[in-house]
Amino acid sequence: MNRTHVALSLLVFAACEGGFNPNDGSVKVVDPDAIEQDTPAVTPNDVTGDAPPAPTCDTGREYLGFGGANLAFDRAPGELGEESRQPRPFTALSSEFTRVLGAAPAMLAGSESTFGTVPARWHVEPTFSAVSVFTTYRIAFQGCLTHTAQPAKFGVMPTEATARAECATWAERFWLRKALGPELDACVKVVTQDATVETSARRRWAYGCAATLASADFLTF
Amino acid sequence: MSRFSRRSLFQGLASVGAGALAAKVGLWPRTAFAQAGGEKPALLVVFLQGGYNALFSSANSFATAGTFGVTGSNQRDLGNGLVVDAPTFGTMPAFALSHMATVGVRHGISNHGAAQNAVMSDGTRSYALRLAAELGGDASIKCAQVGTRGVPGPKPMESGVSLQVITDMRSTIEALGGSTDTTRPDRAVSEKALQAAQLMSASTLFTSPERTRELGEGYEAAIETLQQPVKAFNFADLATAYGLANNATAVNGFRAQMAAAELMITAGTNVVVAMDGGWDTHGDRTGANVRNMMTQRILPGLNTFLSRMVNAPGRNVVVAIVGDFARSLPGSDHASALSATVIGKYVKVGTSGRMNDRVQLAAGTPTAPGLWSYLGRVLNAPSTPFGANPHGALVL
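Taken in order, these protein sequences are the chains called Y and A. Every number in the working numbering is 76 more than the matching position in the first sequence, counting from 1. Every number in the working numbering is 498 more than the matching position in the second sequence, counting from 1.
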């Protein structure tokens with residue numbers, strides 16, 4: 077199974093669970109059969125035609141501009157939660173590394189140009205590229221080596237159970253939400269399978285930590 | 499609370515299809531292409547944002563009236579109707595001067611945004627990305643922008659090829675495998691770790707597909723880069739050649755952009771775009787302003803690139819100098835056509851873009867796809883995604 081299929085499977089997994097909240101990672105499990113059984117009796121008119129729209133809150137005021145033009149005429153409708161994430165600028169990434177790891181990795185200081193130096197008094201919409209993704213991972217790995225350097229628990233080779241517990245802790249700290257099952261599986265696999273060439277337990281842990289930090293929930297807000 | 503429902507996810511999957519969805523979130527499978535010919539083709543596009551004055555590429559258009567400061571003595575006749583500006587283009591390496599053509603682009607647009615988009619895209623697809631995909635090869639980064647100034651026009655992925663932004667050469671060399679840091683992570687494990695990061699990102703990339711598009715494409719290209727054999731580069735050599743300080747790895751000036759272009763082309767990139775701003779030169783009636791910018795900012799780095807890359811054995815490196823449009827007379831305002839410069843091994847000296855003395859191209863001169871078709875031809879691209887080449891007389 078290639079990367080695309082695995083990722084799409086993850087999406088379908090999330091989709092099948094009913095309601096997925098990308099903010100906190102919570103998934104509301106819904107059993108379609110139960111819904112069917114619990115649905116009260118309906119009249120024939122209710123069965124035919126389009127389903128009524130789902131209840132929603134006020135999705136935004138409209139404003140009239142000069143000449144009475146509706147300034148919201150080209151506002152694109154979208155799902156709540158859609159397109160709500162955007163890449164963190166380098167300055168925000170720097171402070172986030174400090175927040176989650178307790179100290180800024182040394183590599184951060186000389187890395188600003190990799191993310192595109194922003195001239196003073198200008199705003200440039202932050203983006204990522206192959207090189208900045210890799211560099212973020214390198215910075216994360218360096219920070220994670222420090223993060224795993226002292227605690228005794230990282231001096232012991234990870235097991236499935238200890239890796240799962242630590243990956244869950246990292247996700248909650250780095251992403252400010254709980255990890256979904258497939259996300260946890262991906263982190264656990266790095267620590268327990270992919271990094272086995274490393275003889276140092278602390279470096280093995282660091283790979284899982286860095287992978288979690290290099291993912292979109294840390295790189296965007 | 500943001501809530502993505504099962505229904506909306508399924509609707510998304512159904513409406514865009516699995517392949518398109520994969521592209522949307524940057525999850526294309528790795529794509530391999532056949533390489534055409536024995537020489538490795540590559541294109542460097544130098545885009546002068548604001549306008550590209552035709553005094554450089556069609557100097558004799560202005561000699562009779564003496565406009566834009568063109569005189570009988572500051573032109574250089576390269577033959578076959580091509581006359582360029584002697585104080586600037588006349589300083590280019592001899593090989594470049596003997597393999598240069600002016601290509602007309604009669605797009606009929608005189609506002610900046612629309613003209614820039616028309617030169618670089620058909621409105622929905624990027625010419626640079628289409629050509630980069632067409633040229634094939636196995637480089638992980640097939641199309642690159644060097645520097646922070648963005649390439650105009652839409653840039654959706656083409657057959658798995660995305661535009662990657664290069665803003666620092668040290669970190670780029672490190673990503674390519676050139677690091678000597680003993681604490682660096684293992685490359686094979688890092689590839690797996692980034693695959694895990696990509697998987698952990700799937701829900702976010704799905705829920706914000708437009709705003710995180712480049713991040714998704716970044717994962718894909720980063721993973722492919724780690725799958726490639728290590729390529730060692732020496733920044734000190736590049737710095738010496740391009741007159742950069744040994745620690746000046748940021749791509750924050752035109753010399754650095756040219757050094758980064760050489761780095762990426764050497765690493766296998768097919769198409770590199772270098773944007774340079776400040777060319778909206780209203781009031782520059784004598785052409786002194788654009789000549790100064792060309793001499794002081796562009797040519798030092800560009801001439802180094804030309805001398806090191808265009809005639810390099812085993813490569814077929816083509817350079818195209820373009821802009822929004824030419825500058826009109828008398829006040830150096832906006833013309834509605836462009837006389838682009840193309841330099842390369844298979845470029846025959848000549849012109850299809852000679853402006854008249856009112857900065858207009860002849861009726862029937864092709865639009866931008868004609869230029870890109872020509873670029874594909876002189877790059878020996880395996881096919882012609884932009885239609886038949888209308889500038890056949892300019893091919894060796």
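The set of hints was computed from the structure by calculation and includes no laboratory data. Values in this document were obtained by computation on a predicted structure and should not be read as measured data. Some clues are possibly wrong.
Below, simulated DSS-like cross-link-like pairs (lysine-lysine); rule was C-alpha separation at most 27 Å, straight line [said to hold, decoys possible]:
| # | chain 1 | residue 1 | chain 2 | residue 2 |
| --- | --- | --- | --- | --- |
| 1 | Y | K254 | A | K690 |
| 2 | A | K538 | Y | K229 |
| 3 | A | K843 | A | K538 |
Okay, the calculated beta carbon distance ranges per label pair [claimed, not checked]:
| # | chain 1 | residue 1 | chain 2 | residue 2 | range |
| --- | --- | --- | --- | --- | --- |
| 4 | A | G776 | Y | V232 | 37 to 47 Å |
| 5 | A | L894 | Y | T167 | 44 to 54 Å |
| 6 | A | D636 | Y | F297 | 47 to 57 Å |
| 7 | Y | K254 | A | P654 | 46 to 56 Å |
Beta carbons: idealized from backbone N, C-alpha and C, even for Gly.
Each hint tested on the structure:
The straight-line distance between the Cα atoms of K254 of chain Y and K690 of chain A is roughly 22 Å, inside the 27 Å bound, and the hint therefore holds. A threshold of 27 Å between alpha carbons decides the hint, and for K538 of chain A with K229 of chain Y the separation of about 51 Å lies outside it, so the pair is violated. Our distance criterion of 27 Å between C-alpha atoms is met by K843 of chain A and K538 of chain A, whose separation comes to about 12 Å. Checked against the hint of 37 to 47 Å, the C-beta distance between G776 of chain A and V232 of chain Y comes to roughly 59 Å, which is inconsistent with it.
Here the CB-CB span from L894 of chain A to T167 of chain Y is close to 51 Å, well matched to the stated 44 to 54 Å. For the hinted restraint 47 to 57 Å between D636 of chain A and F297 of chain Y, the CB-CB distance of approximately 35 Å leaves it violated. Look at K254 of chain Y against P654 of chain A: about 34 Å separates their beta carbons, and that is not inside 46 to 56 Å.
In summary, the numbered hints that this structure violates are 2, 4, 6, 7.
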